[in-house]
Amino acid sequence: MTIEKQTYRSGPYKSLYAQGVKSGNVLYIAGQVGVDPSGKPGGDIIEQTRLAYQNIQHVLEQFSASASDIVDETWFVTDMKDCMKNSDAVFGMRAEFFGQQPDVAQTLVEVGALVMPQLQIEIKCIAHLN
Amino acid sequence: MTIEKQTYRSGPYKSLYAQGVKSGNVLYIAGQVGVDPSGKPGGDIIEQTRLAYQNIQHVLEQFSASASDIVDETWFVTDMKDCMKNSDAVFGMRAEFFGQQPDVAQTLVEVGALVMPQLQIEIKCIAHLN
Amino acid sequence: MTIEKQTYRSGPYKSLYAQGVKSGNVLYIAGQVGVDPSGKPGGDIIEQTRLAYQNIQHVLEQFSASASDIVDETWFVTDMKDCMKNSDAVFGMRAEFFGQQPDVAQTLVEVGALVMPQLQIEIKCIAHLN
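Protein chains in written order, with my numbering: chain A, 5 to 134; chain S, 5 to 134; chain Y, 5 to 134.
To be clear, the hints were calculated from the coordinates, so they are not data collected in a lab. There's no promise every hint is true.
The list treats identical chains as one, so a pair stands whether inside a single copy or across any two.
Unchecked claim - Okay, derived cross-link-like pairs now, SDA-like style, lysine to any residue, Cα gap no bigger than 20 Å in a straight line: (1) Lys85 <-> Leu133; (2) Lys89 <-> Gly47; (3) Lys44 <-> Gln10; (4) Lys85 <-> Phe67; (5) Lys9 <-> Asp92; (6) Lys89 <-> Ser70; (7) Lys18 <-> Glu51; (8) Lys9 <-> Phe67; (9) Lys9 <-> Gln104; (10) Lys9 <-> Met88; (11) Lys89 <-> Arg13; (12) Lys85 <-> Ala71; (13) Lys9 <-> Phe102; (14) Lys44 <-> Gln105; (15) Lys44 <-> Met120; (16) Lys85 <-> Ser68; (17) Lys44 <-> Phe102; (18) Lys9 <-> Pro121; (19) Lys85 <-> Pro121.
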């Protein structure tokens with residue numbers, strides 16, 4: 005017997021994967037990128053970070069969850085130097101989502117590319133819900 | 005006291021890591037690559053995707069699990085453009101494993117290299133079992 | 005209501021993220037890199053691997069956990085060829101941490117860069133505790 009899963013699907017690839025899958029109290033959120041609701045990428049990593057968290061927020065809401073439920077995140081960026089050069093603004097966008105001193109483990113690596121050439125950041129999160 | 009773990013080991017690196025580790029109802033599957041049972045890589049990303057899922061299937065079976073138990077997967081590909089150019093065939097191979105509209109969260113990034121130069125895709129999965 | 009989390013914070017970025025977050029019996033450890041307690045990177049991937057596990061060990065201890073509690077790890081290296089060329093020594097450092105035949109699933113990929121240019125390896129772990 006398969007375990008019960010709750011899922012949320014949206015976007016152009018909704019037949020391929022779910023944006024969020026909850027099993028037990030664990031919510032796995034698909035890697036979210038910095039596009040607006042129409043699919044247009046933000047102009048720089050700062051704006052893309054804001055949009056990625058906006059998209060994470062949208063998924064969380066489908067499960068009645070919030071930023072404080074996130075326990076772990078992995079950042080995949082395409083230009084680490086640019087990310088670090090703009091780190092105050094980039095992490096400022098993150099602080100607008102999480103607040104100060106979030107109880108979240110983080111991993112940050114540079115990758116060669118994301119699913120669209122204009123994308124500069126993808127954020128993968130795990131949340132634990134009640 | 006350490007938590008009880010069930011593991012499955014196989015292949016040339018079985019002294020180094022387990023192909024699957026189950027703790028509680030969570031099964032962590034080591035990143036699976038597109039090699040056949042003799043260790044030979046598939047000729048392109050389409051065939052390697054088929055083989056990677058075949059290898060995931062093999063690990064799942066050791067835990068009496070199946071594709072529908074997978075909740076989250078991360079794809080590491082070495083050539084995103086090639087992956088996207090062949091996306092119908094690549095995701096077709098995935099659909100043969102998961103079926104249509106799988107309840108799985110996905111993250112897809114391009115990395116610089118995998119453990120062998122010929123490899124083009126590695127898939128990391130987490131499953132929740134009963 | 006948000007689930008209860010235990011966290012451990014340290015280092016120069018402790019306002020940004022936690023080195024470890026425990027929720028239920030799952031401990032998510034932030035990606036650990038090969039720096040010594042003063043923040044100085046090790047000279048090669050062998051030494052950096054030793055230091056990364058030393059840093060993982062330090063986080064585990066804050067949760068009264070140990071190497072045998074780890075169930076899954078992902079290695080992000082910046083030079084796969086160099087990692088493989090030195091694999092005996094690199095995995096020897098890992099064996100000093102885990103012992104022989106660890107019950108751990110592993111994924112190993114090459115990334116473009118880590119948070120500092122000198123870094124050659126980052127290790128992300130998940131542990132399950134009692």
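Cross-check of the supplied hints:
1. For the identical chains of this complex, Lys85 and Leu133 are neighbours neither inside a copy (35 Å) nor across copies (37 Å), given an alpha-carbon limit of 20 Å.
2. Proximity of Lys89 and Gly47 under a CA criterion of 20 Å is satisfied intra-copy only: 16 Å inside one chain copy versus 25 Å between copies.
3. In the homo-oligomer, the alpha carbons of Lys44 and Gln10 never lie at most 20 Å apart, since the shortest distance is 28 Å inside one protomer and 38 Å across protomers.
4. For the homomeric pair Lys85 and Phe67, neither the shortest alpha-carbon distance inside one copy (35 Å) nor that between copies (33 Å) is at most 20 Å.
5. Neither within a single protomer nor between protomers do Lys9 and Asp92 lie at most 20 Å apart by alpha-carbon distance, with minima of 38 Å and 26 Å respectively.
6. Taking identical chains as interchangeable, the C-alpha atoms of Lys89 and Ser70 are never at most 20 Å apart, the minima being 29 Å within one chain and 36 Å between chains.
7. With identical chains, the CA atoms of Lys18 and Glu51 are never at most 20 Å apart, being 24 Å at best within one copy and 24 Å at best between copies.
8. Within a single copy, Lys9 and Phe67 get their C-alpha atoms as close as 12 Å, and across copies as close as 19 Å, so both meet the 20 Å cut-off.
9. In this assembly of identical chains, the alpha carbons of Lys9 and Gln104 lie at most 20 Å apart only when taken from different copies (16 Å versus 32 Å within one copy).
10. In this assembly of identical chains, Lys9 and Met88 lie within 20 Å of each other by CA distance neither inside one copy nor across copies; the values are 38 Å within and 29 Å between.
11. Taking the shortest alpha-carbon separations for Lys89 and Arg13, neither the intra-copy value of 35 Å nor the inter-copy value of 24 Å comes in at or below 20 Å.
12. For the homomeric pair Lys85 and Ala71, neither the shortest alpha-carbon distance inside one copy (27 Å) nor that between copies (33 Å) is at most 20 Å.
13. In this assembly of identical chains, Lys9 and Phe102 lie within 20 Å of each other by CA distance solely across copies; the values are 15 Å between and 26 Å within a copy.
14. Taking the closest pair of Cα atoms, Lys44 and Gln105 never come within 20 Å of each other, the shortest separation being 30 Å inside a single copy and 24 Å across copies.
15. In this assembly of identical chains, the alpha carbons of Lys44 and Met120 lie at most 20 Å apart only when taken from the same copy (11 Å versus 31 Å across copies).
16. Within a single copy, Lys85 and Ser68 get their C-alpha atoms no closer than 36 Å, and across copies no closer than 36 Å, so neither meets the 20 Å cut-off.
17. Neither within a single protomer nor between protomers do Lys44 and Phe102 lie at most 20 Å apart by alpha-carbon distance, with minima of 24 Å and 29 Å respectively.
18. For the identical chains of this complex, Lys9 and Pro121 are neighbours neither inside a copy (33 Å) nor across copies (37 Å), given an alpha-carbon limit of 20 Å.
19. In this assembly of identical chains, Lys85 and Pro121 lie within 20 Å of each other by CA distance both inside one copy and across copies; the values are 18 Å within and 9 Å between.
In the structure shown, a violation is registered for the earlier hints numbered 1, 3, 4, 5, 6, 7, 10, 11, 12, 14, 16, 17, 18, in ascending order.
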